[in-house]
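Protein chains in written order, with this note's numbering: chain A, 958 to 1278; chain B, 958 to 1278; chain C, 958 to 1278.
Everything labelled a hint here was simulated from the structure, so no lab data went into it.
Remember, it's a predicted structure, so these values are computed and weren't measured experimentally.
Mixed in with the good hints, there may be bad ones.
It does not matter which identical chain is used: a pair holds within one copy or between any two.
Stated by the list, open to error - Cross-link-like lysine to aspartate or glutamate pairs, in silico, EDC-like; alpha carbons within 20 Å at most:
no., residue 1, residue 2
1, Lys1195, Glu1214
2, Lys989, Glu1060
3, Lys968, Asp998
4, Lys1233, Glu1050
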Amino acid sequence: MGKTNISLRGKNILALEDFSPEEIQLVLDTAKEMKNIIHRDIKKVPALRGKSIVTLFYEPSTRTRSSFELAGKYLGADVINITAGTSSIVKGESLRDTLYTMEAMGVDAIVMRHKAEGAPEYASKVVSPVIINAGDGAHAHPSQGLLNLFTIQQYKNTTDLKGMKYAILGDITHSRVARSDIQGMRKMGMEVHLAGPKTLMPRFLFEEPGIVIHDRIEEAIEAADVINVLRIQLERQKSGLFPSPREYARIFGVNDERLKLAKDDVLIMHPGPMNKGLEISPYVAYGDHSAIQEQVQNGVAVRMALLTLALTGGKDSEADS
Amino acid sequence: MGKTNISLRGKNILALEDFSPEEIQLVLDTAKEMKNIIHRDIKKVPALRGKSIVTLFYEPSTRTRSSFELAGKYLGADVINITAGTSSIVKGESLRDTLYTMEAMGVDAIVMRHKAEGAPEYASKVVSPVIINAGDGAHAHPSQGLLNLFTIQQYKNTTDLKGMKYAILGDITHSRVARSDIQGMRKMGMEVHLAGPKTLMPRFLFEEPGIVIHDRIEEAIEAADVINVLRIQLERQKSGLFPSPREYARIFGVNDERLKLAKDDVLIMHPGPMNKGLEISPYVAYGDHSAIQEQVQNGVAVRMALLTLALTGGKDSEADS
Amino acid sequence: MGKTNISLRGKNILALEDFSPEEIQLVLDTAKEMKNIIHRDIKKVPALRGKSIVTLFYEPSTRTRSSFELAGKYLGADVINITAGTSSIVKGESLRDTLYTMEAMGVDAIVMRHKAEGAPEYASKVVSPVIINAGDGAHAHPSQGLLNLFTIQQYKNTTDLKGMKYAILGDITHSRVARSDIQGMRKMGMEVHLAGPKTLMPRFLFEEPGIVIHDRIEEAIEAADVINVLRIQLERQKSGLFPSPREYARIFGVNDERLKLAKDDVLIMHPGPMNKGLEISPYVAYGDHSAIQEQVQNGVAVRMALLTLALTGGKDSEADS
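With the rest of the complex left out, here is chain A:
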């Protein structure tokens, strides 16, 4: 922090397409410092003391909510949680009015998950608190893309990712993680390889320079320096887009056999929660190549970085402490 003239102060975190490579790197560099805080005996800095953050989740997700909540608390912020399921703020009240209410209450940042694509962007247009998209439909999940980048830079021990090959396997069509990955990895100069059931990956959506679409999952695995195995939504099966779980595991599962096709230093990632034995085998999930648990910790670090940069520009945190 302080090494660059770039500032993300006041920036809404909606999608990685809005970030320059330099801005992405600033987040990752800041996250590296933040990760040290998580390892301290006393995980508490006053960087966001007196700031208030609301997690506003119209879809349930304890994992992402907890990650943001802890990130905020480690930084000294006040965090309150609002979940649609248990919340009257949501029933019979327009999203616009809920946002106005949060703004009026003095909230500094709204961490928002919504099934409607574009809901966080809409929010950023109608109210002044910083909006952080924690997942909107199949559109974007930028903090997930950033934590994946952070994890790769950590394991590959370099900030230069140019030319590295990144494979995303599974249901690409419906995945906001895939979209944020594609944007983030391309910005950083990586080559993206996609593979999955044809019904779940219409080629026309993704045919772009720097993206390679494979017919067989094995081809993507062979090519990859890093593999992101997407979580399968079992409910897709009802729509006929999807074989049986058993079939899926057999044809598309990343298991011990298929891992042998990969490079020796391949890195395995998964956004969690995992359906073990389905899209990924336990052996792969907990094996030597897996960065999956590290991703979770990096998620907290990246969210600490985003909150600090967006709410204070990152400079105040030093002055404060």
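Take the given structure of chain A and dock chains B and C to it, following the hints.
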């Protein structure tokens, strides 16, 4: 604070009928100071550090709960939330025992919402923590009445409200907001005008000096300096007390046309959440006369004032900081 | 604290069978100091500042969850709550992965309730944060056993409980409270007396030295220095193990009449929430012999002690403040 000899330390906030005009003004003056804190870059004072507050909601309300939760946190208190729906403390346990439990745990204030009228008063009799009524049936919602008063004093730029005309429109019978308004506005010398469907406003309940009951909503709008449009509970329709939503909007909705009947400087308020297009039109809700979003912020300020005054008397907060 | 060489730093709190009498007494002595904090005007010490605690409840329990949450907050820790019912972390994710996630997020302690006996022990084997069992099936609820011991030492005004007679009445078979009591009381040299419906207390499970099983509840009441009346789970009735509520109250309820059989200085305890009029009469619950509300406060104190001892060894708290 400190300008008066009145103290609200230890006072249960049950209904505005228990407040003198001087006590109400003390809350409003304190809220004015509190509102400055919400606008600070660092919204955190140590006034209630080491105090613990429980929000105990037997009816869901994210809006009011969040307002109290943020108020407590801005003041440095610890706040925990208990909701009946997700709570075993409620199932199979009497209200009395739940209250005893909260008291034994060292809680300083219980912010309570309950469908039964009088439940907070009962609570105040059986346990020692300060009880703040956040709505009990159709009985009272004192912090809403106070924030409405605060909003009027702010917009009208005077603490002298005597003779001002305050209209409440809608389902008066079932509204705790209306009752707290009537008590608060009358204490401060305002004239109250009521209008709504006849089935939802039995005259005998409200025929008192200082209260004018209108047959037509237009008469109340014409008379008013301030208009509070109540939220319509759509479920009343089932009971036959209520026309169709369309009929309601046509006959009782506060819309662009009806607003033309009002005074030039009329103030429009609504307790939220709004059914836009039903009791209030979007044009009116977001128009120049609307104080609706400001009410939300004033709600946090008033709740900060109530918590500080009831828990510390208001003096400690200066000594502490 | 500091008076002993015993340290519980890093110890998982799974069941009282893992504790020596000296370790139990260390917890109780520490709890005594902690209880003073609850009575202070400012209930806040920095002992656990920068520590993060997750309450991970797979069964609902606002009472125990609130007790741990307040305990953590009074000590300056960050506390986040995860409940299975409202949580996606639980659905479709293995317990192992949920635990890995908590560990990766930097959590220092996981307070865990689970219907499966042994789940907290499993947790303690797969992740590094301190695990505190807040109830696992019919197995154990160690903080409840400890708070009961603390309450007895307080009322009997001695730390020497040897030979004292402790009666547990009700559904012994299904009660984790009974099991933790039996372990704790026996460790401290007390004699345990059991009585309840025969269908709910298979003798072979409990026939051990120091345990007396009674056919009639009156015998246990006559013998006891302390009586713990267990909460009846009304759903047992469906399984035919249980008479009607009316029958239960008549034969096994601790009421005014039966209390006359007890010693003059008998102490009545109940883990809560109470079914008043069923296993205990209101007269007994709120009478002179009842320590029931005091138990709730002692629960917070004991949990403060456990968190401090397990996370810091108890020494840091002095250095810090």
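key: Hints the structure fails to honour   = The structure conflicts with hint 1 only, although it agrees with all the remaining ones.
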